[in-house]
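Enquirer: One-letter residues, chain by chain:
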Amino acid sequence: MNTEELMESLKKVVKPYVKSEEGFKNITASSDLINDLKINSANLIDVILDIENEFDIVIDNASMEKMLTVGSAIDIITTKLNEK
Amino acid sequence: MRGNDIVDMATAALESNWKRKGFLEKIFTPQEQQYIKRAASPGEMVWKLWSMKEAAYKVYTRQFGGRFFAPLRSSCTITTESNDSVAIGNIIYQTRTTFTEDYIYSVAKPVAAKDSFIADHCFRIPVSAQTKQQEFIYKELIARYSELTGNKKNGLAIIKNEFGVPFLYCNKERSAIPISITHHGHYAAFTIN
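Order-wise, the sequence lines are chains A and B.
In our numbering, each number is its position in the first sequence, counted from 1, plus 159.
In our numbering, each number is its position in the second sequence, counted from 1, plus 6.
Keep in mind the hints are simulated off the structure, nothing from the lab.
Hints may be right or wrong, so weigh each one.
No farther apart than 25 Å at their CA atoms in a straight line, the calculated lysine-lysine pairs in the BS3-like style are these [stated by the list, open to error]:
#	chain 1	residue 1	chain 2	residue 2
1	A	K178	A	K243
2	A	K197	B	K120
3	A	K197	A	K174
4	A	K197	B	K138
5	A	K178	B	K43
6	A	K243	B	K27
7	B	K25	A	K171
8	B	K145	A	K171
9	A	K178	B	K159
Owing to the predicted nature of the structure, the values given are computational and were not obtained by experimental measurement.
If we strip away everything but chain B, and leave its shape as in the complex, we get:
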């Protein structure tokens, strides 16, 4: 099982002011605030830590159910690029973050997980209307899943449950293969595993 989160840097710059009074304190632990303070690019560190937390939260709620908005319940540890982690209570998630000029993207998985990993795909969304964007993302995911598994595209659908968690359906039956979808501004990504 994976959880992922993408931050479109242009959208973040436009829509979020992480420098506003009280913002960092509502999201980040004192240790995380230190990471931000010491970073060569504090803005990048803000969104890296944020995406790590969001990615880990997605795995956590898929494992244990429920929904909550509590950025301070998760705490990030940054070591080397490939060895970052997020703790939510006693549960540790390993995260990997990718940087490009346009986006920051994190994927989280339980430390002990040895699940088979099929796909992890990041892409630009060429449309702006919100409903069109979702359509585009779902189409991409279904095309990739169909390509990988040989299932026919027209038998595949993506449906969200009551908590907003997406599931793949093959011929109206829920697939056992977990997916995770993230979307921000003009970028999106999905994992299939």
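Next up, chain A with everything else stripped away, as it sits in the complex:
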């Protein structure tokens, strides 16, 4: 899966939790999940669980700590997919 395809899959995963349509419309790798997309912090757990299910990977605590932007999420998914 290339970065573009990853981005599309990730957009599908985060969409139900996004509270800012504006943020979602202008989504880029640097979009902040909380400050730009306005995902509430409890729903970040849902995003992480949905990513685990979607990509069949396990996101450990150290990776979770860094998951603050769309780009960092893509990096983490890429790393975990490569480890498989």
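Fit chain B to the supplied structure of chain A, relying on the hints for placement.
Expert: Coordinates of chain B only, in the frame set by chain A:
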């Protein structure tokens, strides 16, 4: 310095399913999971512990800077209602949690802190649009600060820094008085101290 966090119970019920597989394990330590298991109302305990962690995290990042998403780095100890605490590494925060039918609200402060405490205010937001809600909260805070300090309202503003931490500005100068704002669903709260 204080940190606060509010959970709108109706919004939480609608938007979060804490019973979903893997959810509790990503957030709560084994001890915290025990608190939830043994609680008369497990759902209330979930959101009490969550708000304690979030409130403590806010003080921690104001003290030491940075940002991270690591609910398991903080661990809650529940004793009596007025003596709960959260540890993040070696740092201990005292927390106080308020329950109503509509929300659960926690405030955290460093155990050793003797800071002067001006205001702690919880309220319902009568509007739904997200930008309108923020406007309403900021107006409330500015009105209360103005009332308490005698500063004129039109010289006051709230501006967030790069990490999303809000600061009060008086006539374009950053005030030394820390504020903490929390908002979830139709409820919000702020502290000024």
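Enquirer: Kindly indicate which numbered hints from before are broken by the structure, ordering the numbers from low to high.
Expert: Checked against the structure, the hints that fail are numbers 1, 2, 5, 8 and 9, while the rest are satisfied.
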